[in-house]
Amino acid sequence: MQDPRIEPQLSEAAAAVAVLELAGVEQRYGAFRPALVGVDILARRGDFLLVQGGGASGKSVLLRLMAGLEPPTAGTVRVAGEDLARLRPVARAHMRRSIGYLPPGGGLLLARSALENVAMAPWAAGATREEGVRRAQVALGLVGLDAERSARTPCSQLPSGERQCVALARALANRPALLLLDDLLAPFDDADAERILRLLDPFSEAGVTIVVTQRSAGAPLPVSPPWPVRARLLSLQDGKVGP
Amino acid sequence: MTLIDSRAAALRAALTRTVGQPLRFFPLVLAAAALFAAALLGAIGAWRLQPLEAPPWAYPQALVLAAGAEGEVDLAALGLALRKVANVSAANFVGRDAALADLAQRPGLASLGLRELRPNPLPDAFVVRFAVDAGPDAVEAAVAQLRKVRDVESVQFQPEAYRRTWALARLARRLMLLGAVVLAAAVVMGLSALAAFRLRPDQEEIRLLDMLGAEPAAVRRPYVYSGALSCLMAAALAVWIAAVVAAGLDPLIADLALQFGVHWSAEAPPGWWAIAFCAAATALGAALASAAIRVAIRAVRNGARGG
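First to last, the protein sequences are chains A and B. Going by the numbering used here, the first residue of the first sequence is number 549, and it counts up by one from there. Going by the numbering used here, the first residue of the second sequence is number 209, and it counts up by one from there.
None of these hints come from the bench; they were simulated from the model. Take the hints with a grain of salt, since some may be wrong.
As the list claims (entries may be wrong) - Heads up, incomplete: computed chain B residues facing chain A, CB under 7 Å, no partners named:
# : residue
1 : E280
2 : V281
3 : D282
4 : L417
5 : G421
6 : A422
7 : P424
To be verified - What follows is a list of derived Cβ distance ranges for each label pair:
#  : chain 1 : residue 1 : chain 2 : residue 2 : range
8  : B       : L391      : A       : A579      : 52 to 60 Å
9  : B       : P424      : A       : S708      : 49 to 57 Å
10 : A       : E630      : B       : R506      : 55 to 63 Å
11 : A       : G572      : B       : L231      : 53 to 61 Å
12 : B       : P459      : A       : P637      : 52 to 60 Å
13 : A       : L658      : B       : L231      : 22 to 30 Å
14 : B       : R506      : A       : D786      : 24 to 32 Å
15 : B       : P424      : A       : L658      : 52 to 60 Å
16 : A       : A579      : B       : A251      : 36 to 44 Å
17 : B       : R506      : A       : R763      : 25 to 33 Å
18 : A       : A579      : B       : V227      : 47 to 55 Å
What the hints assert, rightly or not - Quick look at which bits of chain A chain B covers, simulated, 3 or more residues with Cβ under 8 Å:
#  : segment
19 : 650 to 662
20 : 687 to 697
All C-beta atoms in this analysis are idealised placements derived from N, C-alpha and C, irrespective of residue type, glycine included.
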């Protein structure tokens, strides 16, 4: 595994590789209205997908399926050509190490330091304690946080924007091939949102496939700065991907 | 608990979780040790009773009086015939002279001059012992058979008394079996409850580790080590408790066993028992902790899915 640093740009052949493929995906929870219906998505290396939708439109469920945290009720979710539902638990765990997932709210252990939270990603992937700390320091530096201060401060004492940066650093720490960022910009003001998106751009250019969700009330917003121009918009409404 | 893809790190985490929190850890280890010690004392008791033989008084017996005067009966043939009856395990001859001498020695009878009685009025007799596991019906059937044997004048046997003894013995056997099962269940259930209480997993951390791609075995490992370590310490403590209690009770039980004619070994169990017991307890602790943490992980995954 490498540090979360950026590598040179992609060749055309490399960019054609499908990283994420959802086909006929449906997700139901008991007798409730389906959370997702007939979702088909194809994302290649370096693609940037922006998934917009209102509350309870299925954005978070979609990202959980992409992260392999739950199997779909119907259809298939493939990452790097592997059907996540068919993988054995250990293989699925290994697959998740190459997926950087930022859950809604960040999913941090608030009593632990920012450094420890970020280091958990490499530790989970089998890195030694020292190696995990080193990678966490690099990742924290990338998102603009001071690694030394992060080692001392429990996440509970950080403002919400910094917590989100810590969660983003954790998602980046294993140099993932696929980044799934749920409600990434929610805690940021416009200036910080722009900074965070600029930070992701080189990863996307280097071949990391990025899926970001954004809550939108009413009609989908057009893709405009600060979003990268090549971002592809997917609108999700009542569990269905719109035009 | 921090995670952990190396066994050494998992062991460090388990040590921190156990001995690093003495106020939470030691009361639970003490409770587990008490359960282990009870089981160990039961096992030591069973070992010291080996070879398990019923004492003479536990066998049902009848007194068979031979017919005829002295020298009229072939006592050897009679003894052989008695032993051939179903459910008879032994027939011990008690000669009339020996019986008279025994009577004459008894306090209060010595002054009566019984030794001088001629001819000896007592009959020759056999003390017939039945199989220890023969029920009242089988013994009564055997007594009826004994009465039909040639040269038997009478058979003295108290069927009601034996029926009462048999019923009490059967109840005692059932109670002992039930006690052993209850003790074993108490050990397993008690340890399971302690494991569930002790290994309260950090659900947030498990959810996070699962999300980050930690191998399931790596998530479980510190908890399993913690369970094994706790049980190892509890077992070591139990060995000490059992040794102290056994040393204190041994003279009393040995005296009791002597009074009742029950075999009670003077030797303590061999030293490898302690090592085997600790190893078994460690394995049990690991297994219980593994089961507890698997349940917890499943609950966390189901919770995350529903949420």
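Q) Hint numbers the structure violates, sorted upward? A) Hints 1, 2, 3, 8, 9, 10, 15, 16, 20 contradicted; others consistent.
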